[in-house]
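2 protein chains.
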Amino acid sequence: MHESMKSGMTAFEHGTLWAVLVCGVIGILYALYLRRQVLAADKGTDEMQRIAGQIQEGAYAYLTRQFKTILSLVGILFVALVASGWSAGIDIALGRGIAFFLGCFCSAFTGYMGMTLAVQANVRCAHASRTSLAEGMVIAFRSGGVAGMFTVTMGLVGATVIFMLFYERATEVLLGFGFGGCLLALFMRVGGGIYTKAADVGADLVGKVEAGIPEDDPRNAAVIADQVGDNVGDCAGMAADIFESYEVTLVASMILALAHGAVTGNPRDAIIWIMFPLMVRGIGVLTSILGIHIVRMKNDDEYPLDAISKGFIWSAAVSGVFFFFIARYYANDSRLFWATLFGIIMAVAMYKLTEYYTSGKYKPVQEIARAAQTGPATTILTGFAEGLESSVYSLLVIAGCIFGSILVFGAEANAVEILYGVSLTGLGMLTTTGVIISMDTYGPISDNAQGISEMAGIEDNSANVETLDAVGNTTKAATKGIAIASAVIAAVSLFGSFQSKLAGGGEEVSLAALQKFPIQIDQPTVFIGLLIGGAMPFLFSSMTIRAVSRAAFLIINEVRRQFHEIPGLMEGKEGVLPESGKVVDICTASAIRELIAPALLAILSPAIVACWLGWPGLGGFLGGIIVSGMLLAVLMCNAGGGWDNGKKMIEDGLYGGKGSEAHKAGVVGDTVGDPFKDTAGPALNPLIKVMNLVGLLIAPVIVAGSHGLNSRLPGAGLVVVGIVLAAIVVVALIMSKKTTKDIAEVQQKLEAASGE
Amino acid sequence: MHESMKSGMTAFEHGTLWAVLVCGVIGILYALYLRRQVLAADKGTDEMQRIAGQIQEGAYAYLTRQFKTILSLVGILFVALVASGWSAGIDIALGRGIAFFLGCFCSAFTGYMGMTLAVQANVRCAHASRTSLAEGMVIAFRSGGVAGMFTVTMGLVGATVIFMLFYERATEVLLGFGFGGCLLALFMRVGGGIYTKAADVGADLVGKVEAGIPEDDPRNAAVIADQVGDNVGDCAGMAADIFESYEVTLVASMILALAHGAVTGNPRDAIIWIMFPLMVRGIGVLTSILGIHIVRMKNDDEYPLDAISKGFIWSAAVSGVFFFFIARYYANDSRLFWATLFGIIMAVAMYKLTEYYTSGKYKPVQEIARAAQTGPATTILTGFAEGLESSVYSLLVIAGCIFGSILVFGAEANAVEILYGVSLTGLGMLTTTGVIISMDTYGPISDNAQGISEMAGIEDNSANVETLDAVGNTTKAATKGIAIASAVIAAVSLFGSFQSKLAGGGEEVSLAALQKFPIQIDQPTVFIGLLIGGAMPFLFSSMTIRAVSRAAFLIINEVRRQFHEIPGLMEGKEGVLPESGKVVDICTASAIRELIAPALLAILSPAIVACWLGWPGLGGFLGGIIVSGMLLAVLMCNAGGGWDNGKKMIEDGLYGGKGSEAHKAGVVGDTVGDPFKDTAGPALNPLIKVMNLVGLLIAPVIVAGSHGLNSRLPGAGLVVVGIVLAAIVVVALIMSKKTTKDIAEVQQKLEAASGE
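Protein chains in written order, with the working numbering: chain A, -17 to 738; chain B, -17 to 738.
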């Protein structure tokens, strides 16, 4: 059995696997080349380097501490994963555990590499902008390219090697790899998101509490933390998140390919459907290099966004051509091409849709700015209504992806085929991942470049860095839309392979076996699962938004303490610097403490539901998370983006410009939007993927632990496990509440002090 | 066949049907008695009567115009309903159409009676409060009792008569009755919600635009409209909404009872399970009378809320005792008692939960007030996070209802039994409807009483009316929670009977037939349906929130025009009154125009989805609406309630009291919360019910129009119908956008004028 798939593969296919690996290696070499090129650029003045050094230090400190904290959890989960794979044999069990470690490592390494280069590139970008806009842009974009290339290559190399070791049993091991990636992404997104917005909100509010301190004043100890936050949140979090989507769509497509082969009874069907995604990914690496490499501006008069868009479009177009050829001449099935192409189109649709709702060029943001004239309340209401609307259209794009797959495969196709088509759509959507991550990482680098220039008192590049920063805001917002869409498609693919896992994994699946595990929402347990699953994103968002508020209060307190206790700081005496490191420490500690409860919720809740309601309940639960998670994520990201750019329009002179009443209202909208768009919203992406992946991992256990198929409910042993896990989550929630109490005490002191 | 159920019933059962009718008649007589008692009270001073007269006039004008507008739609739907029942025979088809008319009439009449008495009771309550708190309270509460009694009796009498005419085919006709109720409730909730908040927000913002005008100044032409809004939104909307839940849980329980009888093969099973809900309702009428009648204060030192709570608790407890006896000695099945009792407990749980999240006595609202110290942004974020959290716990209550039914009926019970249990839980929850509606309607009456006293310059009752008003805010918020929960339970029951309808309606259902129609979310079409269904509440809320903003802008414009054009108004010259009628007209016209697009969306979207994705897609769609509709409704209602009471806490002197920075932040939260809690949130209740009811009505048509059972997708004819319906919705949406453009023009003029 173990040899069957390997021996069933043609020499061409074996050769192709090696070729895919070579593509991966080329990608890594290209990333190293970009890195060297960026680091060779000039680092600017001493003051710029000093500030950049502080940001680097803070960012390293945060990541190091985060990795250390989660190491013990990774250890526990390693054991759990080995145990979960035990029934499949010791090689699979250990393989899954090791792959899990590797997945964690790849995701962490991708984030780490992207971020460490970003914090070195920011100052170089700032310096290069002093001579030329084009040079500054290329440095920022190519630094992003390093993160992008690591994202696309690490996942591909890992998955290909695992496949070459295990063949038809590879999916069992790949689940471990994918879960490792997901877990790290969850931590990076949640921790990074809390960090970045706690620092941002804290720094902003200090300006209000301490009258007379402007927002980015160097006397403010929270300003460095704010810059660090941009890197840990936007760079590291985003790269890890997309890495994960990239990985799990591949795993899901392989599981569905195996199920397809089992259903048709022809092992060649499975092989072709597994090889096709690997080839798509290999091509994606090469076209990502193309896309990143051609992004350059002919001269300083070209608008940077046009150059970036060109790279994106070329990368997508060339990929499409290649996909056509492999689908037509290798797989001999042009349906695969159409499904993948559909994904590319959907990526563009999501990009445009997000741009429409978050760019000042279009009506929604203009409406928000207009509403700011009648105060903060109408600003909030208008932005919220726009966000609600945008979530509907984004969801229609996802529904369109699934419906497109139905059209391509025909209404008579079975669910396995259609869901395989959906996973191909996901693969197509992420084809240009290299370019997408570059565009995204470009954002915080150019943002930092502007910040460093301002703090170091450099003025000759201000027009250039402002242009770069404005472009960065657009690319950041638009790639967020793609990240959400790809997360949802990845989760749908995982959900689609859930039933195959229930039916006993890849090899033994038949249509009859699949039909033994219907997830019928007309069954009460499934419906309960659906309801509870739907509630999870709401609970998770509530927790992350509060976490930001709590951490922000601590920061305000610390900044105020420094003003009180450091002589000469408030007066701006020459040479007196705030203790920025302390604020960075508080941010780090808070972010890491605050991510524990949401992370436990994400990992344990599927297991609890499964122990309580059996596999039908778990199935409903996973479906519910996708629906409400998608809607809430888009709502929060787009409303936040809209408020942000609405405020910017006013700052650019509309309705009275800076300092007007409309501006004040715009700032309120922006502050509300900050944790929406940078903490709670993006953190929902890994949440829906992690929960669906946990569901896949525990599916066989739950089925084995149930009283046969008739009852559909789990046995006493599992119920006990469920109660224990539920107790852990409840304790975590209570501890998280306890933190609130501590904060309340701090705050009371703060109030008492301000009353003095 | 037609005679089988009738002949299978015992003489006791036939007698009981008459007894239930007699209960209904007693309830109506009691309502008329209460009405007479209230109207006999003194109407107060001339000035009070003049103001009350304006409110009455506005309220009548609104309701009359609304009823006229929807008459044509009712006509069209009458034809559609007759057509939808055609295959079941002409008597059923016509019966369904006529029952639809009756349902519309009963719902409208309930709302109308409640509201007309409320606008006459407000002034009487204000006058009675001048001598005694206890008397004022009794007038307000008993006026609410009239609406409450009409709600419980109209539905029961209608359903019982229909059952006595059609027996086992009654559910086909009752669907028409329920749909009529739902439709009117949707209009009342949406139209009333837009009206009340447009007037409220408009009146508030005028204070800001025209500096120096306090919020409730009699010179402000929008103040009367604001008072009218309280009545049309809170009284009429709420009564119609609960009437609808009350009705559809009964219909759903009957459909499930028929399915149960068909499954067991014993017609007696169906009869007992139909009789039990009717008896429960009959008992509910009597205990509602008891609950309303015992609400009185011994003296002015008693707190009004205690007296009201006593009525609620007694009514619930006595009902429980009766339910035990009929379950034990008539149905001989104590499971029915437990399921119903569970509903009573859940009503109390929802009440307490909502109170926890919206009352200043508990932490969530205190946190909101505390957050107001750091400005509007933190106020909004805290309230939003609390709202998110509350939606999770409320959803757990609903999941608990379903799980409770599983526990009661046993894990081995089939879905029909468990869902019947859920519908009994809904019946139990609404047992105390009479008291619940009294509590709710009491709110706007006491609110109006305070408003009228202030405007008429009456000061000797101010302490009393303020106490009454504060209690009203609590009861209003808490009953909202029960309204949502009962709407969701009603929708779940409807959804549970959806499959029975797919399988061919009551008589021919067997377990095998049911299993031909699995709603499997692992099927792509079902999943698409689930996603789109989940998006509907988001789209609907976006539309209603915008509608409020648009209408509010028109009102501001009109009030400003009056200040400019009526000589002496701004200066407060003796005898110069604003033209309040014009603002009332604008409110009425806007509310009615703005409700058309959301209403069309609600009615047509299930049909469009069914035509596009067949019955499986429709099934997913209905499930998706329930999940996201519930979460969003609770989020918006509780966040809104929290902001409202957070602001009140500050107004009562916390953190600097009225006029402080914290108060300003609280006002922003309250203004954001207004359309959340009074327009978008409550309007989701009828939305989820209407959509599920439309699903039930079209289920047989879709099944008949599909290419047999294998394809599960609809035929070409239905696709054409779907495209036509989709075109109608798109046109409605575009028209609604067009309105935005008109408003934008008005606003530009407004801006130009203010620039002069």
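Some clues are possibly wrong.
The list cannot tell twin chains apart, which means a pair is met if one copy fits it or any two copies do.
With a cut-off of at most 20 Å between alpha-carbon atoms, the simulated SDA-like pairs for lysine to any residue come out as follows [claimed, not checked]:
(1) 555 to 29
(2) 498 to 395
(3) 25 to 91
(4) 646 to 189
(5) 345 to 712
(6) -12 to 280
(7) 345 to 564
(8) 345 to 715
(9) 345 to 717
(10) 343 to 448
(11) 292 to 279
(12) 345 to 716
(13) -12 to 439
(14) 555 to 571
(15) 50 to 558
(16) 25 to 195
(17) 564 to 704
(18) 555 to 545
(19) 343 to 645
(20) 280 to 112
(21) 646 to 545
Source of the hints: derived by calculation from the structure; they are not laboratory data.
Outcome of the hint check:
no.	hint	verdict
1	555 to 29	within (17 Å within a copy, 67 Å between copies)
2	498 to 395	both (19 Å within a copy, 19 Å between copies)
3	25 to 91	neither (24 Å within a copy, 78 Å between copies)
4	646 to 189	both (13 Å within a copy, 18 Å between copies)
5	345 to 712	between (45 Å within a copy, 19 Å between copies)
6	-12 to 280	neither (50 Å within a copy, 88 Å between copies)
7	345 to 564	neither (43 Å within a copy, 31 Å between copies)
8	345 to 715	between (41 Å within a copy, 16 Å between copies)
9	345 to 717	between (44 Å within a copy, 17 Å between copies)
10	343 to 448	within (18 Å within a copy, 49 Å between copies)
11	292 to 279	within (10 Å within a copy, 76 Å between copies)
12	345 to 716	between (44 Å within a copy, 15 Å between copies)
13	-12 to 439	neither (63 Å within a copy, 91 Å between copies)
14	555 to 571	neither (30 Å within a copy, 63 Å between copies)
15	50 to 558	neither (34 Å within a copy, 74 Å between copies)
16	25 to 195	neither (30 Å within a copy, 59 Å between copies)
17	564 to 704	neither (41 Å within a copy, 62 Å between copies)
18	555 to 545	within (12 Å within a copy, 54 Å between copies)
19	343 to 645	within (18 Å within a copy, 35 Å between copies)
20	280 to 112	within (17 Å within a copy, 82 Å between copies)
21	646 to 545	neither (25 Å within a copy, 28 Å between copies)
Of the numbered hints listed earlier, those contradicted by the structure are 3, 6, 7, 13, 14, 15, 16, 17, 21.
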